[in-house]
Every structure is written in structure tokens, then in C-alpha cells.
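These protein sequences, in sequence, are chains A and B.
Each residue of the first sequence is one higher than the one before, counting from 1 in full-length UniProt numbering.
Each residue of the second sequence is one higher than the one before, counting from 1 in full-length UniProt numbering.
Among the hints, a few may not be true.
[What the hints assert, rightly or not] With a straight-line Cα cutoff of 20 Å, these simulated DMTMM-like cross-link-like pairs (lysine to aspartate or glutamate) come out:
#1 B:187 <-> A:94
#2 B:187 <-> A:68
#3 B:293 <-> A:68
#4 B:187 <-> A:6
#5 A:172 <-> A:6
#6 A:58 <-> B:354
Please keep in mind that the hints were generated in silico from the structure rather than gathered at the bench.
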Amino acid sequence: MSETYDFLFKFLVIGNAGTGKSCLLHQFIEKRFKDDSNHTIGVEFGSKIINVVNKYVKLQIWDTAGQERFRSVTRSYYRGAAGALLVYDITSRETYNALTNWLTDARMLASQNIVIILCGNKKDLDADREVTFLEASRFAQENELMFLETSALTGENVEEAFVQCARKILNKIESELDPERMGSGIQYGDAALRQLRSPRRGQAESAQECGC
Amino acid sequence: MEYESKTSRAGPGHSPPSPRQSVRKNLDFEPNSTTALILEARPANLPAKPAEEAQKHRQQYEEMVAQAKKRELKEAQKRRKQLELRCKVEESIGNAAQTWNQEILPNWSTMCNSRRVRDLWWQGVPPSVRGKVWSLAVGNELNITHELYNICLARARDKWKSMPTEPVTEDAGSSLADREASLELIKLDISRTFPHLCIFQQGGPYYDVLHSILGAYTCYRPDVGYVQGMSFIAAVLILNLDTADAFIAFANLLNKPCQMAFFRVDHSLMLTYFSAFEVFFDENLPKLFAHFKENNLTPDIYLIDWIFTLYSKSLPLDLACRVWDVFCRDGDEFLFRVALGILRLYEDVLTRMDFIHNAQFLTRLPDHIPPDQLFSHIHAVHMTSKNRKWAQVLQALQKEQSSPKALSTTVIQEQNNRQ
Numbered sequence: 001m002s003e004t005y006d007f008l009f010k011f012l013v014i015g016n017a018g019t020g021k022s023c024l025l026h027q028f029i030e031k032r033f034k035d036d037s038n039h040t041i042g043v044e045f046g047s048k049i050i051n052v053v054n055k056y057v058k059l060q061i062w063d064t065a066g067q068e069r070f071r072s073v074t075r076s077y078y079r080g081a082a083g084a085l086l087v088y089d090i091t092s093r094e095t096y097n098a099l100t101n102w103l104t105d106a107r108m109l110a111s112q113n114i115v116i117i118l119c120g121n122k123k124d125l126d127a128d129r130e131v132t133f134l135e136a137s138r139f140a141q142e143n144e145l146m147f148l149e150t151s152a153l154t155g156e157n158v159e160e161a162f163v164q165c166a167r168k169i170l171n172k173i174e175s176e177l178d179p180e181r182m183g184s185g186i187q188y189g190d191a192a193l194r195q196l197r198s199p200r201r202g203q204a205e206s207a208q209e210c211g212c
Numbered sequence: 001m002e003y004e005s006k007t008s009r010a011g012p013g014h015s016p017p018s019p020r021q022s023v024r025k026n027l028d029f030e031p032n033s034t035t036a037l038i039l040e041a042r043p044a045n046l047p048a049k050p051a052e053e054a055q056k057h058r059q060q061y062e063e064m065v066a067q068a069k070k071r072e073l074k075e076a077q078k079r080r081k082q083l084e085l086r087c088k089v090e091e092s093i094g095n096a097a098q099t100w101n102q103e104i105l106p107n108w109s110t111m112c113n114s115r116r117v118r119d120l121w122w123q124g125v126p127p128s129v130r131g132k133v134w135s136l137a138v139g140n141e142l143n144i145t146h147e148l149y150n151i152c153l154a155r156a157r158d159k160w161k162s163m164p165t166e167p168v169t170e171d172a173g174s175s176l177a178d179r180e181a182s183l184e185l186i187k188l189d190i191s192r193t194f195p196h197l198c199i200f201q202q203g204g205p206y207y208d209v210l211h212s213i214l215g216a217y218t219c220y221r222p223d224v225g226y227v228q229g230m231s232f233i234a235a236v237l238i239l240n241l242d243t244a245d246a247f248i249a250f251a252n253l254l255n256k257p258c259q260m261a262f263f264r265v266d267h268s269l270m271l272t273y274f275s276a277f278e279v280f281f282d283e284n285l286p287k288l289f290a291h292f293k294e295n296n297l298t299p300d301i302y303l304i305d306w307i308f309t310l311y312s313k314s315l316p317l318d319l320a321c322r323v324w325d326v327f328c329r330d331g332d333e334f335l336f337r338v339a340l341g342i343l344r345l346y347e348d349v350l351t352r353m354d355f356i357h358n359a360q361f362l363t364r365l366p367d368h369i370p371p372d373q374l375f376s377h378i379h380a381v382h383m384t385s386k387n388r389k390w391a392q393v394l395q396a397l398q399k400e401q402s403s404p405k406a407l408s409t410t411v412i413q414e415q416n417n418r419q
């Protein structure tokens, strides 16, 4: 199980029940729509290594339960997330209206620098649309979120959502973000790379973080 | 020398004394392509083989056929054995069903705690009496009658009818809980409950039944409402009981302290259960426990799904039913014992994996889990720690956590663990 990557990012997928969070994750990883999906109880996981601006980034994705009632449980998974997909369903205004609550939680509980991409999912159901692209993109702008409309069914923009989010985190690492700070949600990949970047860090942690 | 499968042989009216018939006569089973090989001479337009070579080829051919035949006989024997085994299993299920029906169920109160019944119980309750046994074992502390179920159901139907199809406003708080208890999420989740069985989905035979039970429950316990995970429990009960009896068992099951703690999402009490679990985890599997600690793999990550759905989502359904059998007998302690059994069964694999692989493994268990192996691992888990039983450990932790100082430290500890 040897894996080589430069960075490991912890990602969250959050949003109301039935917006397609697990299906987005499944489409991203398996490149296929899961049409017989159970609803998530608690949390499920996915991981994938992607190549972004010449860096291999391993995404460790936490796919959370959507029911409001589970908030107190899922909140405890936010800590140390570097990125998040905030998902609503373009055919359900209710899921759109809940975004503010999700956003507040994410900003408060995850890392300070968390990069969030808003995903208006079920783009393929345009006929039943209740939330316009313009409205959502305005909301995204006001809240400093990236924004895409996605379809877990067709796969449209699904990979892009994850990749764009990862790219922005990488950019932040170049400019302002210090991955070594506690709770950044970012870990270095293999030991050699870490030593190259930061000779101060000891060997003790390498065993835990090499991820193999 | 040429080998040819029998299917490629063509040509009507061309019927030499085929060697295929003589081969076939010796077989008491349908030959497959290997044993049906045919040895033929060279085509007439080519020079014949020298006698020596022809003899050698014939010998090789015979050896080949003999070997294939042996292999096939062996496979046939294996199949027969499997069939016998299956018959035996079915017979023993039949016998067990008879024992349950004729001896145990009529004398339930006197027999249910006897050694013999407990042993039989551990081996799995036969599907035909499963519903009855579960009902009896879960009991009806709440004294719910069929009438009460019908009243709750009627109320739920009224509520659904009067509900506007579109949510009016989005003022948060109280209406949020209301909305959740409502039809929408239940409807959404029903279609996402055992989708592969294709019986609970809209238009499926049990869609309305599942819908009714969950709806009736939100009227019976509006303070709890509908919580994700419930649909799996109700579905398993529906598969084994009539609707009203399924509702009675459902409400009584959820009324057990552990289930109440989880379905009311009483987070601090849930954490107490997880802490108790960790005590026994450390006791039974210290090496794996240390490995999980080191990787910050906290028990909530996998236990939440297992406990909320009583394993019906994570284990194959027939295996989950066997877990339910003993859970109905032994109570919540058994749920945590099963968790330890699973960890014990896969200890070697889990010890070698990192956080994400373990998390993925445990939140999506293998499709095929050998039931008897799992149960022997569950059996091997000992549920005592320093002479204290599960209930005692749990109680001690509860006491500890109810003092506010202790509570705050555990919360901080929990948060640190997440780091």
C-alpha cells in the first residue's frame, strides 16, 4: 500500500439530506453514478490522489450525514478540515436556504483558512430548478466561496469541484497558509519531501504521516 | 494429431463410429468440453502419421481424457457434498423451527432463560419464528396495542394531508424539527433503505408499510420524531413481523436506554457509551486499540452507523438478523460486543492499515463476512473489565460524566483526539 503524494488534505462534504453528497463522492472516486445509494448515518469516507499544479495531493474525504439532528455529531468531524464541498440541491430551495447554517458551522469549527466550494448539485434536473445560477453565485460571492453547479448523475463538474478546491488550498500554501500550524488540515506526504521543506521537523512524526 | 471439440464437428450424414460415443458411455454425468475431446486422424489429403507417433498420440489423448474425467468426478462429488450440506442445514433449521414452535414458544416464560434455549438462540433463530421470538424478547413495556397504532397512523395521515407541499418559510428552530419529522425526509429515506431489495421503494410492496410505521412513530413520540437510521430498523422488523406488531417492537426497541440516547442524539451520553466501549476494546484487543489511538481513529467514526441501524446497514441482512437475535436476548451490551467481534475478526488487516483505510474499511465492511467465524469471534470477546461488567462500567462512566468538571475534561479530551 505504498502511496506517494506531496500533501494530504482533509476534505468535508456537508449540506442537507438528499442533496447528493455521497453520490458526488462516489462519482468523484468511481466515475460512476450510484443509483442505489443508502443514506449516510454518521460519516463515510473516500480518498483519492489527484494531480494539481504538478503536485500530488491526497484527498481524505469525510462525507457526513445530512439530517439536522445529526449536527451535534457531524460537527465534531469538522476540526482540521482544509477544504469543504458545501452542497445544496438546485431543485430544492429548502436545501439552499440552509446554507448559511452549514457555513457558520464550517467557518467556526474547521480550520481558519478552510477553503469552501459551493456546489449546486442535480444540475441535470434543470426543469425542476428552484434556485437560479445567478442567485447562488451572488451568495457565493458575498460569502467568499467558490461556486459550481454539478451533476453527480452525469459527472459534470464533479472532479472540477474537488480539484478547484484543492488548487486554491495549494495556492494558499504558496502565499499565506502554513501547513505546519495545528489544525490546518494539511499534512505533508512522504518524509523526504517534508525534510526538504522543513529540516526542523523530526522523524518521530514521519511514521504517522507517511500514510502507507 | 488434432483435437476438436464436439461442437465444431459438423456435416450431416457423416457418422463414423465416433470415439465420442464410447467416451460418453463411461460417464455418468454430462461431459464438458475437455472430456468430450475427440482424437482424429490426419485429414486424408495429408500423409498418415507413422504408427509409432499415432500410438504415442493415442496414449497422450487417453491420459488427458482420463485426467479430465477424474477432475470432473471430483467436482461432481464436491457438488454433491455441498448439496448434502445444504440439505443438512435446511433440515436442522427445520428441526430448530419445530423445537421453537412446539416446545419453546408455548412455554416462553419458563424456558427462555434455560441453558438449552440460550444455546439454540445463539445459533440463530429460524427465520420462520424469528418475528415471534423478537417480539417476545423485546417485550411490550410500553403497552402499545394495535388500536393505539391505528390511532397514531390516522393522526400521521391527517398531518400529511394538511401539510403544504412547498415549505412556506424557512424560519429556523422549531419549524426545522417539525419539518424533519415530516413526510419529506421520511419519503426520501424510505427510497434509500435497502435499495437493492427493491421492495421499499415507491411502488414497491412495502413502501406504504414502512411509511406508515415511521409516520405513526413521529405521532407516537413527537419529541423524538424521525431520525435517520430508523428506517433500517423498521424495515428489518417489517420483513419479520406484521405491520402493527412491527410497530410495537419498533417503539419498544427504540425505548431502550441505549437506543434512546442515540436517537435523541444525546451527544454526551453517546460519548459515554463510546468510552465504555473503549474500556472493553482496550481489554480485549490492546494492540489494535493502541494502533487506533495512535491514528486518531475514534470509535464514533464506525460505531454510529453500527449502533443506529443495529448493523442492518453494515452487515449482510441474514447476518444482521442473527445479530438481532442475540441483541433481543442480551440487550445493548451485545451491540458493542459485536463491534469488538468484528474488530477481532479483522484485527490483522486493521493493524496494518492507516487512518483512512481503516475508516473506509470499517464504514464499509466486506460484502462477504463468514457468519460462523464472526460469531466465534464475538463469542471469544469477554465482557468484563477488572471484574466489572458492561453495565457497571457504563454506570461508573455516567456518574463520572454527570459531574460538570469531569464532563468538560472529557469533551476537551475528545476535541484533542480529533486534532
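Outcome of the hint check:
no.: 1; hint: B:187 <-> A:94; result: holds, 16 Å
no.: 2; hint: B:187 <-> A:68; result: holds, 16 Å
no.: 3; hint: B:293 <-> A:68; result: violated, 29 Å
no.: 4; hint: B:187 <-> A:6; result: violated, 44 Å
no.: 5; hint: A:172 <-> A:6; result: holds, 15 Å
no.: 6; hint: A:58 <-> B:354; result: holds, 14 Å
Hints 3 and 4 from the earlier list are contradicted by this structure; the remaining hints agree with it.
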